[in-house]
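Numbering (the working numbering), first residue to last: 1 to 364.
Keep in mind that the hints are not guaranteed to be accurate.
Stated by the list, open to error - Pairwise CB distance ranges, derived in the manner of DEER restraints:
1. D134 - T208: 37 to 43 Å
2. A98 - G171: 34 to 40 Å
3. T208 - P151: 28 to 34 Å
4. S200 - R168: 28 to 34 Å
5. E211 - A321: 14 to 20 Å
6. R183 - G62: 49 to 55 Å
7. G95 - E128: 21 to 27 Å
8. G62 - N6: 21 to 27 Å
Simulated from the structure, these hints should not be mistaken for laboratory data. Predicted model, so just to flag it, every value in this text is computed and none were measured. Every residue gets a Cβ at the ideal spot worked out from N, C-alpha and C, and that includes glycine.
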Amino acid sequence: MPHALNPAYAGVRLRCLMPSRELRRSGLASRVLDPAAPSPALPSGGVLVVQAKWLLDAGSPGALRARTAQLAQARERGARLVLDSFDNYFLNESGDPARAELLAAYREALPLFSLFTVSSPGLKPLLEAELPPDLRTAAPVRVVGDPVETPAAARDFESLPHRLHPGRWSGHWRAWRELREHRAQRRQARQLMWFGNHGSAYATGGMTELERLLPLLEAASRRQPLRLTVVSNSEQRYRELLGRAAFPHRYRPWDRLHFLSLLGEQDLVLLPARMTAFTMAKSNNRMLLALAQGVPVMADPLPDYQPWRAFCALDEWDRLAEHLVDPAPLAARARAAMPAIERDYSTRAIAAQWREALQAPAVR
Numbered sequence: 001m002p003h004a005l006n007p008a009y010a011g012v013r014l015r016c017l018m019p020s021r022e023l024r025r026s027g028l029a030s031r032v033l034d035p036a037a038p039s040p041a042l043p044s045g046g047v048l049v050v051q052a053k054w055l056l057d058a059g060s061p062g063a064l065r066a067r068t069a070q071l072a073q074a075r076e077r078g079a080r081l082v083l084d085s086f087d088n089y090f091l092n093e094s095g096d097p098a099r100a101e102l103l104a105a106y107r108e109a110l111p112l113f114s115l116f117t118v119s120s121p122g123l124k125p126l127l128e129a130e131l132p133p134d135l136r137t138a139a140p141v142r143v144v145g146d147p148v149e150t151p152a153a154a155r156d157f158e159s160l161p162h163r164l165h166p167g168r169w170s171g172h173w174r175a176w177r178e179l180r181e182h183r184a185q186r187r188q189a190r191q192l193m194w195f196g197n198h199g200s201a202y203a204t205g206g207m208t209e210l211e212r213l214l215p216l217l218e219a220a221s222r223r224q225p226l227r228l229t230v231v232s233n234s235e236q237r238y239r240e241l242l243g244r245a246a247f248p249h250r251y252r253p254w255d256r257l258h259f260l261s262l263l264g265e266q267d268l269v270l271l272p273a274r275m276t277a278f279t280m281a282k283s284n285n286r287m288l289l290a291l292a293q294g295v296p297v298m299a300d301p302l303p304d305y306q307p308w309r310a311f312c313a314l315d316e317w318d319r320l321a322e323h324l325v326d327p328a329p330l331a332a333r334a335r336a337a338m339p340a341i342e343r344d345y346s347t348r349a350i351a352a353q354w355r356e357a358l359q360a361p362a363v364r
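Generate coordinates for the entire structure from the input sequences, incorporating the hints supplied.
Structure below.
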């Protein structure tokens with residue numbers, strides 16, 4: 001049960017549509033339920049994977065408890081329930097009373113589940129700390145990673161007529177012109193990119209992380225011409241943060257269909273993220289998305305980034321200008337990561353992780 005069917009949401013693509021299709025290819029019966037259906041028909045047997053966000057998106061404690069009741073009925077009919085999380089949903093940094101009430105209702109639902117899956121090693125202890133001791137013993141928390149998307153990934157969740165629909169032609173034309181302009185600019189200046197969600201309603205982070213890099217980028221631009229492209233979902237937040245930056249920069253809205261083409265043409269991807277209870281839960285999907293195309297990455301040392309230290313620059317912001325003047329060594333390290341990413345983070349590899357987790361004997 002995803003929180004939506006719209007492939008624009010990374011959590012839907014990476015943790016539902018792509019692995020589900022691959023599981024079907026491998027011979028496992030797998031289907032995706034429609035969360036927008038008035039009364040989704042939940043299964044009476046087998047395994048039901050529920051995205052935690054589906055529960056929280058109910059919007060109110062009463063609506064969440066109604067969804068919990070549906071899950072309880074499915075469990076009584078024989079379904080084994082698995083809760084999948086790809087964020088630290090227990091955060092409420094602003095102390096919002098409405099969110100506190102919603103989280104209280106969410107905690108009431110947790111005993112229904114016999115297994116918890118999370119998208120990163122950093123999220124595992126955060127979730128375990130929220131579980132009652134008896135539930136922590138009875139229902140294990142397993143890490144199942146995010147697959148790395150490729151240009152062909154849309155074939156996993158979109159039909160050929162959908163992909164070739166005339167309504168998309170203008171977007172394809174616009175993206176082609178954008179790429180041509182970008183390549184011309186790349187001959188004159190290093191091309192840098194930050195991409196991601198602009199922020200969260202219940203935790204700090206997102207685009208705000210760029211703020212502390214602005215002085216470093218301004219200093220580096222005096223040694224090496226550069227341009228920063230910010231790809232996100234809030235041009236307003238971009239203007240607030242970079243409106244007065246003294247180096248070339250631009251904003252581009254997130255475009256699922258053409259983003260990978262633009263990403264592959266970058267000289268360096270920046271992924272700043274100070275360690276918080278929100279960021280330490282993040283998976284490595286943004287880092288690996290860049291490295292899978294041989295694009296160098298500079299980032300902060302989040303838990304799920306640490307295993308890739310040999311292939312990127314972690315916690316080396318003081319060397320930003322150096323990497324821009326001579327990007328070749330960091331680019332070579334990025335390319336060296338590509339075989340391991342293909343082996344361990346392809347859709348097939350991640351589907352195998354799901355299969356192992358879902359077919360493991362239940363503790364209870």
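Structure-based check of all given hints:
Distance hint check: the CB atoms of D134 and T208 are about 39 Å apart, consistent with the given range 37 to 43 Å. Between A98 and G171 the CB atoms are about 37 Å apart, so this pair conforms to the stated range of 34 to 40 Å. Roughly 30 Å separates the CB atoms of T208 and P151, a value that falls within the hinted 28 to 34 Å. Between S200 and R168, the C-beta spacing of about 30 Å keeps the proposed range 28 to 34 Å intact.
For the pair E211 and A321, the supplied restraint of 14 to 20 Å holds, since their beta-carbon distance comes to about 18 Å. Taking 49 to 55 Å as the suggested C-beta distance range, the pair R183 and G62 conforms, at roughly 54 Å. At about 24 Å, the CB distance of G95 to E128 agrees with the hint of 21 to 27 Å. Look at G62 against N6: about 25 Å separates their beta carbons, and that is inside 21 to 27 Å.
Against the hints set out earlier in the document, no violation occurs for any number.
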